[in-house]
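Asks: With the hints as your guide, set chain R onto chain B.
For the protein sequence lines, the chains are B and R, in the order given. Be aware that the first sequence starts at 1, since it is given in full-length UniProt numbering, and climbs by one per residue. Be aware that the second sequence starts at 1, since it is given in full-length UniProt numbering, and climbs by one per residue.
Treat the hints as calculated values from the structure; they're not laboratory data. A couple of the hints might just be wrong.
With a straight-line cut-off of 30 Å between C-alpha atoms, the simulated DSSO-like cross-links for lysine-lysine are [as the list claims (entries may be wrong)]:
| hint | chain 1 | residue 1 | chain 2 | residue 2 |
| --- | --- | --- | --- | --- |
| 1 | R | 819 | B | 17 |
| 2 | R | 316 | B | 283 |
| 3 | B | 6 | R | 690 |
| 4 | B | 90 | B | 61 |
| 5 | R | 727 | R | 707 |
| 6 | R | 707 | R | 543 |
| 7 | R | 184 | B | 283 |
| 8 | R | 316 | R | 87 |
| 9 | R | 924 | B | 221 |
| 10 | R | 141 | B | 98 |
| 11 | R | 630 | R | 199 |
| 12 | R | 617 | R | 279 |
| 13 | B | 175 | R | 924 |
| 14 | B | 221 | R | 1009 |
| 15 | R | 446 | R | 416 |
| 16 | B | 221 | R | 957 |
| 17 | R | 558 | R | 581 |
| 18 | R | 278 | B | 283 |
| 19 | R | 141 | B | 107 |
| 20 | B | 17 | R | 816 |
| 21 | B | 90 | R | 141 |
Here the structure is a predicted model, which is why all the values come from computation and not from measurement.
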Amino acid sequence: MGKTSKDKRDIYYRLAKEEGWRARSAFKLLQINEEYNIFDGVLRAVDLCAAPGSWSQVLTKKLRQNSEAEDDVKIVAVDLQAMAPLPGVKQIQGDITKLSTANEIIKEFEGLKADLVVCDGAPDVTGLHDIDEYVQSQLLLAALNITTHVLKNGGVFVAKIFRGKDVTLLYSQLKQFFSFVTVSKPRSSRNSSIEAFVVCQNYQPPDGYVPTMANPLLDHKYCDFNEFTGPNRFIVPFNACGDLSAYDSDTSYSLLLEGQTTYEYREPVQAPINPPYKEILDKTKNIDIRK
Amino acid sequence: MSVPIPHIIKTDITAVKLFGNIVLAGIGSWAHVYDLVSNKLLQTVHALRGQKIYGFIPSKDERNIIIFGGKQFSIASIDWSFDGDRKVLRLNPRVGPIICDDWLHAVVWTKEEEIAALTAHNVVQVWNTSQERLITSSHSKDNSILYSGCLVPLDDDVLVLAGTVFTDVIIHACSEAEPLMSLKGHRGVIFSISCDIQKQLIVTTSDDRSIRIWGPSTTVTTPANTKEYWKTVAYDSKYEVYGHTARVMRSYITDDLIISVGEDSVVCFWDFQGNILKKNMAHQNGCIWSLDADRNNLVTGGGDSSLVLHPLTVAKEYGEHEILHADVGNPKKIYFTTRRNIVILNERDELQFYDVELKSVTETHKLAHESTYKLMSLSSCKQFVAVADMAGNLDVFAETCKGEPTLRKLVNTKLKFGKILSMHWAGNRHLVVCSDNGNITVLASKGNEVETVTNFFLPQSKERWLTAAGIDSKSRLFAVGDRCGNVHIYIIGKNNPVKTLNKVHGRYGPTSITIKNNGIITTGRDGTIKHFDLTNDTVKYMKSIDLNFEWVEKFLDKNENIVCGFQERVFVVYDITNRSKLVEVPCGGGHRSWDAVRYIEQIQDNYDEFIKLIYLKNSELHESIFQLGKIVSRNIVNGSHTKEINCLQSHLLEDKSAMYFISGGEDTTLRISIYNTENGPSFHDSAIFKHLSSIRTVKTFNLDNNKILLVSAGGRAQICIKVIEFKDIENKLTVESEELVDYQVKGTDKERKGNQNWKSCGVDFDPEMRMMDIEVIKVDHGKFLIVAACSDAILRLYEFEYSDNKNSFKPAGEIKYHKTCILKTKTFRFQDKDILITCTTRGQVAFWNVTDNLTSNKIEHHINSNDAKPFYMTTTNKSGINSINAKELSKEEVIFATGGDDNAIHVNYIKFKEFKCVEKQGTKVDNFHCSEVTGLSFMDRNLILSTSIDQRITLSKYEINDDGLTCNFVSQRYSDVPDIQGIDVICETSDNATVCVFGKGLEVLNVDKPR
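In isolation and in its complexed conformation, chain B is listed as follows (with noise of 0.2 Å):
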């Protein structure tokens, strides 16, 4: 494959290194954005499952513009994995699971709660579509308790979902807690990728609710209000986010844009920091281990 065939395959890939976003998914954020204006008067801003920092990076350029004092607007980025330094953004290397996260977020905000919370954690896909959605829908859930813990009432939770087999289940679970959940494509989001993202606005959670780290929340059952298979099935009000006009992320786009004279190739701007795949791939620059 040459050097550009990859810009050429994916138009926002290319944008996001143009811009210098650290992935594609930047975009994503920023179309959620155009459409519920989720930033509105935001100061305190959570990202979980951050790494490489792509949202954090458009969470601090979006953020400051909500306060006239740049240290009013407080962006704490969590992630299992070590993420390369971003200004602005206060890192905490850990697990969304653990209550000593959620009290670090706290912490960070001096004891006040934050506004919104944002995950686009995905898991490790392994190729079997039920495991995948079952362990994205859990990493979800873990995503909202941590929430349940750090969030305001009335704050929003935006987190990217799996639209498989039994999503319906999660749909009804949050709807527990917010007022108003919709799922969203942003117009970046490729049109068949299984990925969406639910936008959960006013956090209302159920009268008596304790938020508690001690039980992962598990997911729902098939019920009568949501059937296995049937007319009932608890499905939320669908949007696409982005600009009509914005690009299109399965749309084959030639190097040159329209109004563009010039093309030049960029490095991605963060390489994946120590994947697991690095041992072999060290043990086997110089040998062939297919043999």
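Replies: Okay, now just chain R, sitting in the frame of chain B:
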């Protein structure tokens, strides 16, 4: 085949269990029971609901079995009976499915009516199976999400081994709060844990591509099946081994082996010291998800939907190897004879005969050659041996058929036509000799001399000699290969080729040519086998079979099914029907002298197939013998696509005797599969064609009763067109294909770059787009318009002409109307015109009048112009449209439905007057599916069938009345196929419809219509 068509499910096989001659396979939510001896499907049990099966756990007495997967488990009793002298089993579902509150990674029997299950949050649940009641839940301190786990019943507790996302394996006992130990070392997610406490062995596999073997680092005298042992012992990583090129999914510990399987389709056999014994490729490059083994066999289930049985002897008894010690001087060329003795041409100008029985050279024939440049060839029956030198000295020997094997000299002569450059047998009676200036002489024996049968003239080329020769059964027609990869066809009496097939194989030329049954089959060093049709003396290119090794040398059987060659330094024997490598020998490569034979021999009471290879290495004669029964894996269930199927069309033969599935997928293959029930249900890929990239769409056009035009397109802007004929030859259903067009919009890599290397190649600014969908519209007799919807928003038109003796394909215009990627197209007849609908990622739906505006005489006018316009355009869905269907209701009315990424189905009714919309009614339903709607089909009685990534198939009904258009829910069912990409209606009656949904696999099921 009886009507209705039975249920078919083909998808990832995620669980397997061996019981002697019986194997259980978890295919979707169905447990399948197969007999290993007859390969027959004995029983299917719908064990779980809407959930794949991940494990079969029999009780110790083998009277009950847990079938679990996801959050569910069910229990069946096992009834054993005898079929003749063979033990067979039958499953009787007894309990469940019971739905737990969390994902189950492992389940074990703890008591007769009690089981323990490990959940994805590291909780051990104990269930009473007779009361179907949860007894206890033991939470571990560490409740992060697990990717794998293993439970081991101890005498006094249950041992839990939990594979975390943090690369650690945490070991704890169910009754203890504190973990006992962690196994640290992996650098990725733990995908599986196997444990054999008797052997004190733990094996883990991981995302990091490694397998780790763990054992005790301290000596503990208490037995390993007690909690006390695990409280005192410490385990550490004994061996960290690498054998897979991708993630390692599962492992299994047998009496003396560790077996691992991976995403790279490889099965590795290890000893307990981590030494690799054997590596086997098993599932067509698809991931292997499941495995189980007993003393004799290993069974694996894969992502290609196949179930494969491997004899365990492959690990330790892979062939017998020997260096044949005989005084053979310095051997140069070696060949097997008919009776599998060996003829050896040595450097001392001698031909020697090595008797395999006696293990010695029994004859030495001194040759009187002048030149050291020698040619040697064996006739196709291997009885005749011809040896010649460049100067023209020719000797022909024959091996005796009966009695003591000896070599008899038949011919000793001197050819007088200049330098001999090549010599090949064509069949058993003709020797084809090529000399200077392209003179080809065909010789036959006459007494102890030779006579010239005919002369041919080889067209000018560099290195002007032959690489292979073949003859037809009537000895009239010859086909020869030259050093430029061309195949020339000659007829006796004509000097010049009657036909030349250009560049059939690469620059080394064809390696073998076989002519039979009106066809030519050639092999080459470009990794392909090519088929040509010779009917009525016209030569038609039919198909190419791509093999995964470069150097394809020759067939070892009479049915052209077993082929051998070299993959770099390794000798390979390959089974074409089963698409599997039978034998691999790292002998050093194909440039040495070597030969191979295949034969059947009796072993005790059975017959088995053998492959014998001889080769020269360091001037020594090596021999390797392989008993295939000991080393060759066998399909119990045939595989098909290894990744998602993007497009599929079924083809039910008129008498409903068989069903064909034509499918293209992400694995870049186009497959034609046959399903029939003659000898029990069987599904196999009859033909496989490769594209350069993923195949997004296939469309067919019926030419004749059982003859279709097949057009496929997809990534890398590639369109391929074939004619496919479904044939019944001697009660065997086959697919014959003729490849007509292989076209890339931007040309092939070679056409684009020429001979430049990648460095000197400039950057091409235009992307190579994907063809998302395609339509074939008949314009005239033998004339078609092909419309391709492309990812660069352009609608491309092509003109295709097809007749018996010629076909042509050329671009006929580009329409730049849409602004974003066109995802789907649909054609239908309206007002006796062909109407095309195009749908985009922005929810736009455009209607085009093909007959009046786009067909060939009009196209010229439109080429590269932007003024072609649809007669109607509307926007339905909020984002991309992934499915469309439309039909004419009357001369003025059209109904169409679109389904999209927004999980909505839009149904629209439109009244047209002279192709102007005069009335429109529409409705939207967004609660039939919770994910992308990928398939839509209209059926009679206003019914709509829809399907989605959410794995539901919904039947709904639309109605048009005074209040407008409504669409109401009728019924819904679940499909086991993940990532559904579409639905195809196979046949429809007034009561039901048989449909095929496809995605990661396929399912054929019946949908009942409302009364």
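Asks: For every hint, state whether the structure bears it out.
Replies: Going down the list of hints, with the structure as the test:
no. : hint              : result
1   : 819/R with 17/B   : holds, 24 Å
2   : 316/R with 283/B  : holds, 27 Å
3   : 6/B with 690/R    : holds, 23 Å
4   : 90/B with 61/B    : holds, 14 Å
5   : 727/R with 707/R  : holds, 9 Å
6   : 707/R with 543/R  : holds, 16 Å
7   : 184/R with 283/B  : holds, 20 Å
8   : 316/R with 87/R   : holds, 28 Å
9   : 924/R with 221/B  : holds, 28 Å
10  : 141/R with 98/B   : holds, 11 Å
11  : 630/R with 199/R  : holds, 27 Å
12  : 617/R with 279/R  : holds, 24 Å
13  : 175/B with 924/R  : holds, 23 Å
14  : 221/B with 1009/R : holds, 29 Å
15  : 446/R with 416/R  : holds, 16 Å
16  : 221/B with 957/R  : holds, 29 Å
17  : 558/R with 581/R  : holds, 18 Å
18  : 278/R with 283/B  : holds, 21 Å
19  : 141/R with 107/B  : holds, 25 Å
20  : 17/B with 816/R   : holds, 29 Å
21  : 90/B with 141/R   : holds, 28 Å
In the structure shown, no violation is registered for any of the earlier numbered hints.
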